[in-house]
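Novice: Hints given; two lone chains; assemble the complex.
For the record, the sequence lines run as chains B and V. The letter at position 96 of the first sequence is residue 96 when you use the UniProt record's numbering, and the numbering goes up by one with no holes. The letter at position 475 of the second sequence is residue 475 when you use the UniProt record's numbering, and the numbering goes up by one with no holes.
Accuracy of the hints is not assured; some may be wrong.
[What the hints assert, rightly or not] When the alpha-carbon atoms are kept at most 27 Å apart in a straight line, the in silico DSSO-like pairs for lysine-lysine are as follows:
| # | chain 1 | residue 1 | chain 2 | residue 2 |
| --- | --- | --- | --- | --- |
| 1 | V | 173 | V | 134 |
| 2 | B | 54 | V | 116 |
| 3 | B | 54 | V | 173 |
[What the hints assert, rightly or not] The calculated label-pair distances, taken between Cβ atoms and stated as ranges, are:
| # | chain 1 | residue 1 | chain 2 | residue 2 | range |
| --- | --- | --- | --- | --- | --- |
| 4 | V | 355 | B | 137 | 31 to 39 Å |
| 5 | V | 271 | B | 123 | 43 to 51 Å |
| 6 | V | 373 | B | 138 | 26 to 34 Å |
| 7 | B | 137 | V | 70 | 37 to 45 Å |
| 8 | B | 123 | V | 373 | 41 to 49 Å |
Honestly, the hints are just simulated from the structure, not real lab data. Ideal placement from N, C-alpha and C gives every residue a C-beta, glycine not left out.
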Amino acid sequence: MFRFVLRRILLMVPVLFGLLLLTFVMLQMVPGDPAATLAGENATPEQIAEIRQKFGFDDPIVVQFGRYLGQIAQGDFGVSAYSRRPVGDDIVLRLPATLELTLVALGIAAVGGILVGTLAAVWHNSPFDHGVRILSVAGLAVASFWFAIMLQMLFAMELDWLPLRGRLPTGLAAPPDVTGLYLVDSLVAGQFGTFWQALQHLILPAFTLSLGGLATIARFTRSSIIETMQRDFVTYEEAVGYPKRRIILPYVLRNSLVSPVTQIGLLFGQLIAGAVVVESIFDWPGLGSYLVEAIFTSDYKAILAVTLVVGVIYAAVNIVVDLIHGIIDPRVADQM
Amino acid sequence: MKTSLLRSVALAATLMAALPAGAQAQDKPSEIVWGDTLPKGLDPHVVYDVPMQFILLNNYDGLFRYVGNPPELQPWLAEGYEVSDDALTWTITLKPDVTFHDGSALTADDVVYSFKRLLEMGQGPSGAFKPVLKPDNVTKVDDLTVQFVLDKPYTPFLAALPLVAIVNEDLVKEHEKDGDWGAEWLASNEAGSGAYSIDPSTYRPQENVDMMRFEDHFYGWDDNANPVDIVRAAPVKETSTRVLALIRGDIDATDSYLPTDQVERVEKADGVHVAQDESMRVMLIRMNNQRPPFDNKNFRKCVSHAFNYDGFISIILKDYAIRNAGPIPNNLWGAPADLEPYSYDIEKAKEFCDAARAEGADLDRPMEIQIQSALDQTTQSAQLLQAGFQELGLTLNLVPSTWAQLTTDAASVETTPDMWVHWVSTYFVDPENWIGQMYDSQFHGTWKASSWYQNDKVDELLREARAETDQSKRATLYEEASRIVVEDAADVWIYNTVQLRGLSDKVQGYKFSPVGSGGDIRWISIED
Chain B
1 MFRFVLRRIL
11 LMVPVLFGLL
21 LLTFVMLQMV
31 PGDPAATLAG
41 ENATPEQIAE
51 IRQKFGFDDP
61 IVVQFGRYLG
71 QIAQGDFGVS
81 AYSRRPVGDD
91 IVLRLPATLE
101 LTLVALGIAA
111 VGGILVGTLA
121 AVWHNSPFDH
131 GVRILSVAGL
141 AVASFWFAIM
151 LQMLFAMELD
161 WLPLRGRLPT
171 GLAAPPDVTG
181 LYLVDSLVAG
191 QFGTFWQALQ
201 HLILPAFTLS
211 LGGLATIARF
221 TRSSIIETMQ
231 RDFVTYEEAV
241 GYPKRRIILP
251 YVLRNSLVSP
261 VTQIGLLFGQ
271 LIAGAVVVES
281 IFDWPGLGSY
291 LVEAIFTSDY
301 KAILAVTLVV
311 GVIYAAVNIV
321 VDLIHGIIDP
331 RVADQM
Chain V
1 MKTSLLRSVA
11 LAATLMAALP
21 AGAQAQDKPS
31 EIVWGDTLPK
41 GLDPHVVYDV
51 PMQFILLNNY
61 DGLFRYVGNP
71 PELQPWLAEG
81 YEVSDDALTW
91 TITLKPDVTF
101 HDGSALTADD
111 VVYSFKRLLE
121 MGQGPSGAFK
131 PVLKPDNVTK
141 VDDLTVQFVL
151 DKPYTPFLAA
161 LPLVAIVNED
171 LVKEHEKDGD
181 WGAEWLASNE
191 AGSGAYSIDP
201 STYRPQENVD
211 MMRFEDHFYG
221 WDDNANPVDI
231 VRAAPVKETS
241 TRVLALIRGD
251 IDATDSYLPT
261 DQVERVEKAD
271 GVHVAQDESM
281 RVMLIRMNNQ
291 RPPFDNKNFR
301 KCVSHAFNYD
311 GFISIILKDY
321 AIRNAGPIPN
331 NLWGAPADLE
341 PYSYDIEKAK
351 EFCDAARAEG
361 ADLDRPMEIQ
371 IQSALDQTTQ
381 SAQLLQAGFQ
391 ELGLTLNLVP
401 STWAQLTTDA
411 ASVETTPDMW
421 VHWVSTYFVD
431 PENWIGQMYD
441 SQFHGTWKAS
451 SWYQNDKVDE
461 LLREARAETD
471 QSKRATLYEE
481 ASRIVVEDAA
491 DVWIYNTVQL
501 RGLSDKVQGY
511 KFSPVGSGGD
521 IRWISIED
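Isolated chain V, as found in the complex (with noise of 0.2 Å):
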């Protein structure tokens, strides 16, 4: 504990040392208590979920980085890039004189081996790539120059970049144990070069981390003239306690999935406010396309009529969502802009239920609906569908479950459910993140893909869209992908999310990406 101690000052020290003359003036380094989750460890190549994000932003550089709403893709690290005609050979060249939080030269080393360590150990984001990139693929040209060849066509390679962290790696090579590539290691400390650095002795897993503001980050701070010098973050777990929280001034902000009934009572106290953003995060409920009587289109239309959109955007979330037709988010290229949405229709669907009927489909057995019972949304969709299912007199239950349980059960179509409830977030801002993933009939056996739709022309639409490197043309491909996954009704598309985040009033600057949820503390400034 002295040690870390003596961190604490010495860090302090550090930045008191680092900061601009006019923020010593005012005696006091700014900070803010960002109220958000954070991941279960702070290995970027080993966690992978919407946390992550967080620590990925602020303490480590990408190659590519999302930023602003529609989230544009930027160089970030990379200074330029080159794709071979057949979209497989990409060479990326680097920003010079861009160190690490030690000080150290960030080059084309730490790339390769960022990649490598990734691709080797097979966690994290890694499934983004190793369909398609060996790790003995990533090669260093020269200091500020890495070359990728991919194993077969895949333009949405550009896209995913941004997941990947570089990581310094010198410093995790000297942690290494066991090769066990600094995995234990870097699971509690960080080894970037992003615009905050992480304070190991405060870091206490998904309690509490400390991130002190890298004056030295290759970006500069020109852009932000009263950036936050010190982000303390410390979840609130708690949705009635996180507001309190923040009313009361205790933490600055919370995270982006307010709950919708709480957004007047933010709105109404004093100092704070809530953020709406549209984001990329579309809610569906999943049909097993595979299983009687969901192999049957004209049931699954019958499914679909069954559910009140409108009753549940309306009244239940009060309007912060966005009816969205088809997989593909509304506010992404695509996403086909005359799809017709699914509206709630009783009379039609029994008309669709009958022609099933009239089919062979036995629509007699008692059907299943999963739900994760922490998610209060996913609850209230499935009774809202029950409902819809009593009214054609067709019987559905409603069985709690959890994610683990939900990715695990998507292994095969025999264990698959009926149906179940969960939303497709943003990790890379490509159709392959929504349709190309969940439709392509090669990804059965991952949640993703967890309906068991299979379509020839779909596949090979999808197919086509990731190996084009042209962007309109693969809007086509997946325009036309959209319109028939939808008329087959694999799903029931609901809504897009409208991310609500509370926060202080002195929090200023904040600028939401659907990628990691507006948590890039880099734009913030600070008001008193």
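This is chain B alone, in the form it adopts within the complex (with noise of 0.2 Å):
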């Protein structure tokens, strides 16, 4: 097992690299001069030309490329070109507002996908079943902006049970920085007022992220079960009489887990890239608003730290997933 971690890990660098090295070629083909952008209003071409000179940008690719991974190997992102700040800061910033978005929409997605498939598999081709086929086909159609907006006008301008943006609202200070996820750090130092917020803040943009996720693994695991329980050992013990609860709980779910697992497992993917347009609507300060700035202003140092993070994240994320295969299913536990 030890092993098997070790080796994904140092799978993970050569990986990265060429993710970085796509990326940084990608920059430099797409039209849009940062020079120039830096320049801003009235600069003269001399005036772009000596901010090119400056920031490096008309050396070759090569040693372009050569000098950011020396930067990236001493763990620095570097100066953004266009603001001055550090890009490591405003990373440590925002990356733990996305993930906190993400983990409680995957937490929505996986708990809620799972335990409606099951109750769809269970209750096979009943009114429930059909409902929950139904829904998820518009899950994954409805535009998450609109179905973003239907919520924010029902729940925030309607109903007023909820707040309509942000993480916090306006003024309020943010808890102790422990982990930057604010419903632990506000636990952790007692602010259980500032917690109630954040959470409160936190359930429509999770619930417009999780919607297409839940939606995929509710059908997964729906159709996982009912490939399940129609193998020998589950009609074995159903005839042998044992209840059925007792069949599903410890034998068919368990039996059925491993697809909607790797599936849960690549939705972390596209959550963090669906949270683009979610951090967007409802202002939530996280990697996906900032990578979006990033692309308009060109701001190449920028959109390569997000790429490198959600890389990193990913890759790391995919080794859990297979560590917990092999916690469901002992045979793939053997072949690590």
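Specialist: Written out as structure tokens, the structure is:
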């Protein structure tokens, strides 16, 4: 198991190198001159050339990439040429917001999806099952920005139950920084009022973000359980006279979870990507909205840093998913 | 984090102590949430865009400032100025007893340092000065006098001075790192003397920053009985969220680009209204005057008659815009009052197209117009023009793009697209900001001059205007240049913007100025 993890971590290095190289090359090919953006209004061509030289944009791409790798190896993401803020500082500010949102959305999608999927499978071909199937398709088809606005109109404007935007009410100080996750940090500091506020602010964006994933996991769980229930050992147990609930939980569910768990792992990556839209609508100050701004201003260092961070998270999640596979299914663990 | 918490407490305590007795009696400092966009960094010599104007106006002071609408150029840190007859030497005297937020005195040294810093770093608004001012030619005469010696006569110099924030030299120098002029530090901190000081512990880029009223601001607060004590700047990115947040009372002001279809909705809601102010921001469709068939004047006139101006302004913009016949905003001096705008007239357009064909112009190739995907109006206007082209039997394709790409493409005739849509905003209030930098061929290669328009007579007029110190003479020169540029149909000029900002009714005394779009909080009073 230890060797498996180590091997996977070592494998991450070339994968991330490839990812960075690809992003770097693509950024060079995308039209848009960062020097022109930096030089701003009224800039003369000479001034743009001066900036290009100053920030090394005119060096050969190999030199630029090498210089960047050297910086990254020292744990330095560099300074944004646009804002002159250290990119690492911005990432530290933004990443926890995205992680908190994504993890809660993932939780809703996983728990909700498995629960709904299981019930749909147990009540196979019942009205509930049909309802779930229709909603699953709808959940995948609905545009998240439309859904978000509908939720805002209903829960924030009409009912006034939940806040409209942001992570906390404007003016309320963030809890002391430990993890950057407000739910955790406010509990650690014993600020239960802040915890309650942070939780309320999370509900709408997290639910919006989770919708597509919830639908996917529900569908996978449902079909996986139905398939398992048709296998011989279930038929045997039913024949012996085991009550249904005692078969489903310990035997069927465990045998059916490999596929949904893989989906959950993949979903994590999709959620981080999907967070771009949700973060913009709910003013969630995460990496998604940071990335969008970076793209609009050709802020290369910021784009590369976000790519790298998301890449690392994605790779790490995949390792964790494999480990969970091992726990659920001992046959997989034997091969590790 | 502990230090920033302590700092917040200390700042709050200082603020409470600084508040006038009346305000303390009200037990709580007044505050508003300002939902306008924040810049990516706080350094006013690095970031130069409309959101930066908010930081510039509130946290910093310049030598001069624009106030009101039409914007009046007022001496601000300056007490007065003298200019030599050859318009080369500008001597500016400073007001005495101006202090920075840390209590130190603002002197000529700080002004010299600020200009040197701007020019040496070469970012931000330096482009307005670099062609005429070398860093070494900004010198201190005495503690309250600064002298600027320009390389060549440049009258818009004075109009551009409000762009430059005067920073606290000692404070910035303390934080310099590897010759970076303190840029990394100033990106997240503030070293100004403005009416509001930033609480750096609350700063999260593009997300939040709290500003505290600076009781000792040199201008004083006598003209504002109930100023805002705390401004929490918290941008709301999405239009729908922004409008809902205003109506709910989560924010007290939106940005000043409220979509026209939201105006009625805001006006109908309780406790909020929309401030409407004519600005100086011209929307236009550019044409690459050096690429066939756009190098043909008759064809450009054909295009100018193929756009449905009235339809765009009255139906799409619900009349929240004012038809602008040429490149200079109607409400600025230098814009000729008698200028006849191009009208939407397909018959006339056909005649001009035929004339262009007769002159050998090839109109059969599909033409392209680049739009900025994030800005709906660029798409809407391009689609309207596309409809006009269809009636003429011409093909116009819409190509999505971004601002970063457009500004890069403008570097050469070959890479500049056939057409593209954008606005020219007010950075400084002088025809130079519009016609001067748009149609003088010396600016070819910059996005502002991206029509690649070339007319020797216009070059001559614009250059003469730039060196002339008498404003009435300058106005005549700009008027003449405008008439020629419009007769040449260099571009398609559409409208001058009406800025629309949603405001809470408790915000009183909102004073709009096209420079900074009304983001100058010092004039605002709070009414509960």
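Novice: Determine for every hint whether it applies to the structure shown.
Specialist: Consistency of the hints with the structure:
1. Proposed proximity of residue 173(V) and residue 134(V) is supported: the alpha carbons are some 21 Å apart, at most 27 Å.
2. For the hint linking residue 54(B) to residue 116(V), the alpha-carbon distance of about 17 Å falls within 27 Å, and the restraint holds.
3. Straight-line distance between C-alpha atoms of residue 54(B) and residue 173(V) comes to about 21 Å, which keeps the hinted pair within the 27 Å bound.
4. Our hint of 31 to 39 Å for residue 355(V) and residue 137(B) is violated, since their Cβ atoms are close to 58 Å apart.
5. In this structure the hint that residue 271(V) and residue 123(B) lie 43 to 51 Å apart at CB holds, the actual value being about 50 Å.
6. Checked against the hint of 26 to 34 Å, the pair residue 373(V) and residue 138(B) passes, with Cβ atoms roughly 28 Å apart.
7. One distance hint, 37 to 45 Å for the beta-carbon pair residue 137(B) and residue 70(V), is violated here, with the actual separation near 58 Å.
8. Restraint check, residue 123(B) to residue 373(V): a C-beta distance of roughly 46 Å satisfies the suggested window 41 to 49 Å.
The earlier numbered hints that this structure contradicts are 4, 7.
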